[in-house]
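Colleague: If you want the building blocks of each chain, they are given just below.
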Amino acid sequence: EAQVTQNPRYLITVTGKKLTVTCSQNMNHEYMSWYRQDPGLGLRQIYYSMNVEVTDKGDVPEGYKVSRKEKRNFPLILESPSPNQTSLYFCASRSFIGRAYEQYFGPGTRLTVT
Amino acid sequence: SQQGEEDPQALSIQEGENATMNCSYKTSINNLQWYRQNSGRGLVHLILIRSNEREKHSGRLRVTLDTSKKSSSLLITASRAADTASYFCATDAVYTGKLIFGQGTTLQVKP
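In order, the protein sequence lines correspond to chains A and B. Under our numbering, the first sequence has 49 at position 49, and the numbering climbs by one with no breaks. Under our numbering, the second sequence has 1079 at position 79, and the numbering climbs by one with no breaks.
Bound conformation, chain A alone (with noise of 0.2 Å):
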C-alpha cells in the first residue's frame, strides 16, 4: 500500500530536548515537505527536499534542521524544542514524475513541548 508513515505520533516533551521525527515513503518519490499545522495559520511549509541530498527552507524553517540521505526517508529535527513548536506536523510526498502531482501525506504527529 502506498503510504507516508510518520513516528511518533504523539510527543510530549521538555524545552531543549532534542528530538526527531521519523518520515517514510514506499512510493519513490522524488520531492518530500514538511509542514505544521496551526489554529488559524492553516499549513505551512517547514522544509522541503527535491531529491536525495537537495533540501531547501520551506516558510518557517527556523529551529528545524532536515536531512535526505536516502530517498524514502526526510527525518526532521529539532535541535533545541521550544513552546512555540507546539503544533500538529505533516510530513508530505509526491512524484514530478509522469502527470500524478498529487501529495500525500503522513497521519501526522502531534507535539507538545512545555
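The hints are simulated quantities; they were obtained by calculation from the structure and are not laboratory data. Hints are supplied without guarantee of correctness; some may be wrong.
[What the hints assert, rightly or not] Within a straight-line C-alpha distance of at most 20 Å, the following computed EDC-like cross-link-like pairs (lysine to aspartate or glutamate) qualify:
no.	chain 1	residue 1	chain 2	residue 2
1	A	18	A	1
2	B	1098	A	30
3	B	1026	A	59
4	A	71	A	38
5	B	1098	A	1
6	A	69	A	53
7	B	1098	A	53
8	B	1098	A	56
9	B	1098	A	62
10	B	1056	A	53
11	A	57	A	70
[As the list claims (entries may be wrong)] Ranges of calculated distance between the beta carbons of each label pair, as one might list FRET restraints:
no.	chain 1	residue 1	chain 2	residue 2	range
12	A	16	B	1055	50 to 56 Å
13	B	1058	A	73	30 to 36 Å
14	B	1008	A	107	25 to 31 Å
15	A	1	B	1055	42 to 48 Å
16	A	41	B	1022	15 to 21 Å
17	B	1066	A	114	46 to 52 Å
18	A	107	B	1010	23 to 29 Å
19	A	40	B	1028	26 to 32 Å
20	B	1061	A	22	29 to 35 Å
21	A	57	B	1027	17 to 23 Å
22	B	1028	A	112	37 to 43 Å
23	B	1075	A	40	21 to 27 Å
Note that beta-carbon positions come from the ideal geometry of N, C-alpha and C, so glycine has one too.
Starting from the known structure of chain A, fit chain B onto it as the hints suggest.
Modeller: Below, chain B alone, put in the same frame as chain A:
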C-alpha cells in the same frame, strides 16, 4: 506565504444540500488541487485540475477553474454527514514544484 485563500472559512449545511467552497490565488499555476482533512488527521487528495482545464468532475465533486480570475470552486453535491471535514485548496506554482495551501474551509454537514 499564503497563495490560496478560501471562502467561506466555515460552512454549515443540512444533509442533502450542496456545499460550495471558493479559492482564490495570486500567481500563475500549473494546476490546482483540493484536499480534505478529517479532524487532526492527514490531508487526503480529492481532485486536481490543470491550468488548461475549466471544469472537472469526480463522483459528487465538481471543480471549476477560472485562470483569468485566479479562482477555483469546489462543489460537493448531495452532501452527507460523512463529508464533514476541512477542505483545502492548494496551488502548484509554475517552476517551483511547491504546493501552497490555503487556510481551508471547515464544512459541517448536519444529519
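Colleague: Confirm or reject each hint.
Modeller: Here's how the hints hold up against the structure:
1. About 32 Å separates the Cα atoms of residue 18 of chain A and residue 1 of chain A, which puts this hinted pair outside 20 Å; it is violated.
2. For the hint pairing residue 1098 of chain B with residue 30 of chain A, the CA-to-CA distance comes to about 13 Å; that is within 20 Å, so the pair holds.
3. In summary, the hint linking residue 1026 of chain B to residue 59 of chain A is supported, as the alpha carbons are separated by about 17 Å, within the 20 Å threshold.
4. For the proposed pair residue 71 of chain A and residue 38 of chain A, the alpha carbon gap of about 28 Å is over 20 Å, so the pair is violated.
5. Simply put, residue 1098 of chain B and residue 1 of chain A have alpha-carbon atoms about 25 Å apart, too far for the 20 Å limit, and the pair is violated.
6. For the given pair, residue 69 of chain A sits about 6 Å from residue 53 of chain A by alpha-carbon distance, which is consistent with the 20 Å threshold.
7. Between the alpha carbons of residue 1098 of chain B and residue 53 of chain A the distance comes to roughly 18 Å, so the proposed pair stays at or under 20 Å and holds.
8. With a C-alpha separation of about 11 Å, the suggested pair residue 1098 of chain B and residue 56 of chain A falls inside the 20 Å cut-off, and the hint holds.
9. For the suggested pair residue 1098 of chain B and residue 62 of chain A, the alpha carbons sit about 19 Å apart, so the restraint of at most 20 Å is met.
10. This hinted pair does not check out: residue 1056 of chain B and residue 53 of chain A have alpha carbons roughly 37 Å apart, beyond 20 Å.
11. At roughly 18 Å between alpha-carbon atoms, residue 57 of chain A and residue 70 of chain A fall within 20 Å of each other, so this suggested pair holds.
12. Separated by about 52 Å at the C-beta atoms, residue 16 of chain A and residue 1055 of chain B satisfy the suggested range of 50 to 56 Å.
13. At roughly 32 Å, the beta carbons of residue 1058 of chain B and residue 73 of chain A sit within the given window of 30 to 36 Å.
14. One distance hint, 25 to 31 Å for the beta-carbon pair residue 1008 of chain B and residue 107 of chain A, holds here, with the actual separation near 28 Å.
15. At about 31 Å, the CB distance of residue 1 of chain A to residue 1055 of chain B disagrees with the hint of 42 to 48 Å.
16. Taken as a hint, the range 15 to 21 Å holds for the pair residue 41 of chain A and residue 1022 of chain B, whose Cβ atoms sit roughly 20 Å apart.
17. At roughly 47 Å, the beta carbons of residue 1066 of chain B and residue 114 of chain A sit within the given window of 46 to 52 Å.
18. In this structure the supplied range 23 to 29 Å holds for residue 107 of chain A paired with residue 1010 of chain B, their Cβ-Cβ distance being about 24 Å.
19. At roughly 28 Å, the beta carbons of residue 40 of chain A and residue 1028 of chain B sit within the given window of 26 to 32 Å.
20. The given range of 29 to 35 Å is respected by residue 1061 of chain B and residue 22 of chain A, whose C-beta atoms sit roughly 33 Å from each other.
21. The hint said 17 to 23 Å for the Cβ distance between residue 57 of chain A and residue 1027 of chain B, and at roughly 19 Å that hint holds.
22. A beta carbon spacing of about 39 Å between residue 1028 of chain B and residue 112 of chain A agrees with the range 37 to 43 Å that was offered as a hint.
23. Between residue 1075 of chain B and residue 40 of chain A the Cβ separation comes to about 26 Å, which falls inside the hinted range of 21 to 27 Å.
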